[in-house]
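Next come the chains, spelled out residue by residue.
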Amino acid sequence: MKIKTALLSAVAGIALMSGAQADVDPSDTVSIVVPYGPGGGFDRAVRGFAPYFSEALGGANVITENIPGAGGQRGSTEVSRSEPDGLTLGIFNLPGFALPAILGEEVGYDLRELSWIGRLESDDYVLIVAADSDIQTLDDLIAVDDLIITSTGYGSTVLAALQITASELGLAQKDPIYLSGYGGTTDAIVGLIRGDGQVSMAPVSSVTPYIESGDVRGLAMSGSQSLFEDVPTFAEAGYPGLTPLNLQRSIAGPPGIDDATLTQLRSAFMDVVQNEEYLEYAKSIGMNMSPMNGADTAADISSSFEFYERFSTSLQNPN
Amino acid sequence: MLDSFVTATLYLADGVTLMYLMLGVLVGLLFGIIPGLGGATAIALLLPLTFGMEPEQAITLMGGIMGSSAIGGSVTAILLNAPGTAPNAATCFDGYPLTRQGKAGLAIGAAATASSLGGIVGVVVLVAVLPMAKSLVLLFGPPAFFMLAVLGLVSLTISNNNMLRGLIAAALGLFIGFVGYDDMGGTLRFTAGIDYLWDGIKLVPALIGLFAIAEMIRLMVEGGAISKVDRNELGEVKGVGAGFKAVFKHPRTVLSGSFIGTLVGIVPGVGGTVASFLSYSFTVQSSRDSSQFGKGDIRGVIAPEAANNAKDGGSLIPTLAFGIPGSAEMALFLGVLVLHGMQPGPLLLIEREWSLLVLIIALLLATIASACVIAVATKYLIKITFIDSSILIPTVLSVALVGAYALEGSMGDVIMAAVFGVIGYVMIRLDFPRITLVIAIVLGGMMERNFIQSMLMFRSDWTGFFRDTTSLVIFLIIVVALALPVIGRIRRRVRNANA
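Protein sequences appear in the order of chains A and B. Everything in the first sequence is counted per the numbering used here, starting at 1 for the first residue and increasing by one. Everything in the second sequence is counted per the numbering used here, starting at 1 for the first residue and increasing by one.
A couple of the hints might just be wrong.
[As the list claims (entries may be wrong)] Now the in silico label distances, taken between C-beta atoms and shown as ranges:
1) B:ARG252 - A:ARG194: 33 to 39 Å
2) A:GLY195 - B:LEU164: 40 to 46 Å
3) A:GLU212 - B:ASP461: 44 to 50 Å
4) B:LEU10 - A:GLY170: 57 to 63 Å
5) A:PRO51 - B:ARG252: 50 to 56 Å
Hints were generated in silico from the structure; no laboratory data involved. Backbone N, C-alpha and C define an ideal beta-carbon position, used for all residues, glycine too.
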């Protein structure tokens, strides 16, 4: 571990020496844009990351900048259009920020063009029912004829995840009612508990407290390994097509950051996510850490984008 | 529970913790007093600073802010007719006329006392119902939310002297509420290609415009100072003590206000603006002599202020039981919890009982502390109303516009505040009720969304609204609310006929 860190700092050091003035100096200020207001999951992720990132960049000032508006588009567009000097970065989620482009809206950024620094979090999705529901398995669910699904609104990641799942499970033919429009993931879960609908879906981090408290029950979850007892993965339940479904939070800068700066930022990122102290802290603030280096993140973003693009016809507004 | 209670009390008895509490109270009061800034802004700004604190210290600080901002906001509502925070809007009705009669001290004293009492009732109810909090929250589904919005709009219209103007203002508010991205229909409405309008018309800039800026335009046209009573005639500022006593002369108003506030607080998303307005309109409707309301009846200050502090206790119920924020402040407060490693959700209450009791006690102490601070400071605050408009107007305008900008750092909000300033002034001149417009903006979106959700749930069978128990009960309240004024009129006519 120590050797690795030392090696990485050496790489960073070399990058520092060899680079032109475009590099991030300890005297610089790097802002990481959160495209939402303070207090949410994105904000928490960045605020927890910033001090460690500052340390890894040799003491450069790293600040968190909230630019909320237009469902996250204002902040992300601002990052994408900023000077590619490595001093303006942002946090993005997938599929959230890929959806508008896939749904044919005009957006001011292309996720596949951004300079990816690395992935922080990755959250699998759990398909859930209320604890007292008659639906015990995926087969039970598929057998229900008049299905009501509780969800957040059109353009949200939860609705997209539900639509993709419905399409893979063959529920779409039954024309289920999407009770969309809940204010947030939690509201949709509470709606499910109340009995507004029969099924919903949420990322692991949001749903864990409700599974632990015994208010909801998981039917299946995405990803290659189940995190809950008695909840199979979609692959185990016979739907391997849903394994890649997840929610990722990654850091990126505008397109065209030069190689030296990008290398420096990426290795600083890796320093942070390999720091035990940071990992422990991240866990304590409820982050679902699943770090990935910049190059892999970039490749992963492209393949995830293709995954969601395949479902673009299923992702139209159900209401 | 008792163990945790003792732990929490001992924790708060510590000098450093008390310092955080007082810091929260002072920041909350200051942010409350400045129109546009409110508890939510204060929490957002202080949130990053809590990083190095112990979780309970952060909670205490936030409790101080939440417990005090509405009390600060009442001062501006009473003195300047510009509510410091949205829930104080209803306090303007009678608070400002009292100021113009030179009785600002009375109004502020009453507001601070009623707020404290309301806060206490809210917290007591919170502690009492906490064990059943979950089932309480589960009572409110989309049909009940829809009916609540209807109740809000109905009580708005009936409490206006001129129903036609009220209806027009409400319709305008509903229309404004439609602007923006509709995530159920997936369409943009009336955004005219402007990115800013994507998120709809935000409440805070609209409020700053409709009240603070509009009031300054009016003052500019009228000239002079706010108080129409000569300063020399007034002599020593008195009345804070009288205001304190006045509250205890109207225990019914305090209690009904507190309970309405707590109840509305429990329902996520409705918020203090509606709570204080409902309380005001209930008091007007249920009073035997309602002729002085709007002209400076002290009950018109007590009712909304009791409600808007009681609502804090109520809105903690959904926040603590399920992690659904009951208001904008609560949403940010959840962010504070997360930042300090507490996952909001049903387990929080069990796992961190004492930390949450710290919050509850902090809230209680904060309401009382801020009422005391205000009572002491009133003497100085009242001087604002004697300041000549040539100094007051530019000062208030700059503070208000900075407040609009500070919310999200967006120039769009500043422009919006200015636009609503003009709309507000036109409404004052033509005698249209501004609060009706505001509440229609709040309730419009909620009403539409929950109506569509309900109809989806009922598979387009509208009788479903009467099969949902909560929704049915609220419907019956609507019927009673509509019948009350009619019954009152008939009783008066009978009495007159007998006389």
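Q | Hints violated by the structure (listed by number, smallest first) | A | 3
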